[in-house]
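Work out the full structure, taking the sequences as your base and the hints as a guide.
Chain by chain, the residues run as shown.
Number of protein chains: 2
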Amino acid sequence: MGVTAARGFRAVGLAAGIKSSSAPDLALVVNDGPSRAAAAVFTSNRVKAAPVLWSEQVVKAGELDAVILNSGGANACTGPEGFQDTHRTAEQTAAALETSATRVAVCSTGLIGVRLPMDRLLGALPAAVAALSAEGGADAAEAIRTTDTHAKTAVVERAGYVLGGMAKGAGMLAPGLATMLCVLTTDAQVPQAELDAALRTATARTFDRVDSDGCMSTNDTVILMASGATGVEPDAREFAAAVEELCADLARQLIADAEGASKEIEIEVVGAATEADGLEVARSIARNNLLKCAFYGEDPNWGRVLAAVGTTGAKFEPDQLSVAINGVWVCRNGGVGEDRELCDLSDRHIHLVVDLSAGGESVTVWTNDLTKDYVHENSAYSS
Amino acid sequence: MGVTAARGFRAVGLAAGIKSSSAPDLALVVNDGPSRAAAAVFTSNRVKAAPVLWSEQVVKAGELDAVILNSGGANACTGPEGFQDTHRTAEQTAAALETSATRVAVCSTGLIGVRLPMDRLLGALPAAVAALSAEGGADAAEAIRTTDTHAKTAVVERAGYVLGGMAKGAGMLAPGLATMLCVLTTDAQVPQAELDAALRTATARTFDRVDSDGCMSTNDTVILMASGATGVEPDAREFAAAVEELCADLARQLIADAEGASKEIEIEVVGAATEADGLEVARSIARNNLLKCAFYGEDPNWGRVLAAVGTTGAKFEPDQLSVAINGVWVCRNGGVGEDRELCDLSDRHIHLVVDLSAGGESVTVWTNDLTKDYVHENSAYSS
Chain S
1 MGVTAARGFR AVGLAAGIKS SSAPDLALVV NDGPSRAAAA VFTSNRVKAA PVLWSEQVVK
61 AGELDAVILN SGGANACTGP EGFQDTHRTA EQTAAALETS ATRVAVCSTG LIGVRLPMDR
121 LLGALPAAVA ALSAEGGADA AEAIRTTDTH AKTAVVERAG YVLGGMAKGA GMLAPGLATM
181 LCVLTTDAQV PQAELDAALR TATARTFDRV DSDGCMSTND TVILMASGAT GVEPDAREFA
241 AAVEELCADL ARQLIADAEG ASKEIEIEVV GAATEADGLE VARSIARNNL LKCAFYGEDP
301 NWGRVLAAVG TTGAKFEPDQ LSVAINGVWV CRNGGVGEDR ELCDLSDRHI HLVVDLSAGG
361 ESVTVWTNDL TKDYVHENSA YSS
Chain L
1001 MGVTAARGFR AVGLAAGIKS SSAPDLALVV NDGPSRAAAA VFTSNRVKAA PVLWSEQVVK
1061 AGELDAVILN SGGANACTGP EGFQDTHRTA EQTAAALETS ATRVAVCSTG LIGVRLPMDR
1121 LLGALPAAVA ALSAEGGADA AEAIRTTDTH AKTAVVERAG YVLGGMAKGA GMLAPGLATM
1181 LCVLTTDAQV PQAELDAALR TATARTFDRV DSDGCMSTND TVILMASGAT GVEPDAREFA
1241 AAVEELCADL ARQLIADAEG ASKEIEIEVV GAATEADGLE VARSIARNNL LKCAFYGEDP
1301 NWGRVLAAVG TTGAKFEPDQ LSVAINGVWV CRNGGVGEDR ELCDLSDRHI HLVVDLSAGG
1361 ESVTVWTNDL TKDYVHENSA YSS
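Heads up: the protein sequence lines correspond to chains S and L, in order.
If you're matching positions, the first sequence starts at 1 in my numbering and goes up one per residue.
If you're matching positions, the second sequence starts at 1001 in my numbering and goes up one per residue.
Derived by calculation from the structure, the hints in this document are not laboratory data.
All C-beta atoms, glycine included, are put in the ideal place defined by N, C-alpha and C.
Be a bit skeptical, because a hint or two may be false.
Here are the simulated DSSO-like cross-link-like pairs (lysine-lysine), alpha carbons at most 27 Å apart as the crow flies [what the hints assert, rightly or not]:
hint, chain 1, residue 1, chain 2, residue 2
1, L, 1263, L, 1372
2, S, 372, S, 263
3, S, 263, L, 1315
4, L, 1372, S, 372
5, S, 372, L, 1315
If you want the ones that stay clear, here's a sample from chain S, every Cβ over 12 Å from chain L, calculated [claimed, not checked]:
hint, residue
6, 129
7, 139
8, 327
To spell it out: a stretch of chain L is covered by chain S in this simulated footprint if at least three of its residues, at any positions, have a beta carbon under 8 Å from a beta carbon of chain S; those stretches are [as the list claims (entries may be wrong)]:
hint, segment
9, 1046-1056
10, 1104-1115
11, 1137-1147
12, 1214-1220
13, 1300-1313
14, 1349-1360
Spelled out as structure tokens, the structure:
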């Protein structure tokens, strides 16, 4: 159900003809209230797509009536004309919903540097609005897919209220934030400031700790909307935890479906002096192509782990670094530890632990292996 | 000829049995003087192999009689025992050459985290010393190969003196410095301080601007030795330029032989406000896996270039970025430029120009594409 698992929301997904494949490519999520509180986070890439520039502005007022999303084109690096396309999309969506364009966020995903076929996109809007439904979450999630092998939705239930979400993303997954398009909904009654704080904390700990290929998108957007349809006013901490649970679920789904991946790699850095140190080390490891190739080959090549750690500025002494791969401490105190032949890397999940022996902080980052299929998917056609 | 192109040097390369393949794996380069001036630069990785820790110490005195190098094992992350192995290697080499261990640098390359078979390495030393020859440069270059498909040597001639060099490296090529083992020689008479300055400047502009896969080795070493055998005392600027020419030649050979590469990509950043800005942008592009896959597929995917530029802190405005691929300005002022179909990417060499429109500085970094063969080479066996 995804975004329509929460009451007060309708959604739709259909094929507008933006993709040449005739696959679904247009989604709309509408908040019927009574609350229209909304918060959002966007890519930190300085080259931002037109829909990001637009949505950053409109969400500042703290309320949204709807989000219109398309796959089949990122509308990034398309100049003033591309921004006009986004503006017209918001205006015509707003007109069909009898609201104002400044209450409509826009998200796009697909190839950079190509204008959207606006006649098709706008032409499909009346049918989209007519088909909006409280059961439309699954169709909406389907319509935002690009190289995703399946749609991603999640639901978290709490006493008296529900959170739902959908996300797309399989490549260009790197922190900054948020590495994909994602719409989250809840039927709880939550003040905008609380929505905003919960979303920022949750995304920093989930989507921002997924690093598939080190590449940051120009279009990343995560939007959280509250309808208040249940009238339930949750405890702020409980609500924040629920948002984080929802984001963590979707983040794991993204990394599990990362382009060409055959392994999901959980990088746990322990003994860090600070959280920032732990993150720097974990990300350096997550971006080491050589290590990612080794894991693809089921080779417990811990030397590549230490080489990656050594490029960071984190606090550690080289002769106090230890590394465990799937529970086997193959490196102890900077040198050879247990027999690497003991490592069993046949499972899809690989658990890497790096002990910096420099403090009490721990950080986990998720990545995946680097495979021939990744190269194929990103070289065989433009995406 | 490589290192023995310069007079006053003898070298040798042979199979000591360190590699299981019986390929050559031990090299020795000896400076017969009269000068023994030497300078060196090493990896900036904080996890340093035992031979790097050793050689950093001995080169501080500014003179070296010899460099002993092995492939077949990096002797990195091998603890105090690994350092003892390096120490014994220097001692026994020195004994055979009737000098002191503190005048012998040691270089190793191969798998991290494995002790060297010291009996074989030391057992081969007498034969190596006996076979030293003024024609041994080619054999020495052969003996330091790992995944290199061929040996790399270079020679630069100036009025009255010569510089020669050899290098190995095909993976873990990233700045910091120097991304491989490299021994450079000259028969000019050059003060140590001048050698040191010339080497640091040259490596910063050559080896440090080669970035194959963003991965930094634990063993990188570049050593420059001057025999003074010609008695020629060159002009300092002319000599520095000659060292840079030699390094540039070897650096290009490294990137041309990078693991699995099918394209050599010259990334030229122009219009940068500072050299540091240009370097940051060029390196961000060089490390973008998605772009490197696109070039493998001969796809002029300039959107991935802008996405990489956008992750940097360099001075630029997104709507003033322009990108040319093989002479076609596919992106102008942040938007669509000339038709991308005009790009011909069939040649092995790809020339990418990114204009930041923010100043007058230019920087060039070399990288290569990301291919299925790269993944294969780095996953199919431990290296």
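Task: Which numbered hints fail - done: Of the numbered hints given earlier, those the structure breaks are 3, 5, 11 and 14, listed in rising order.
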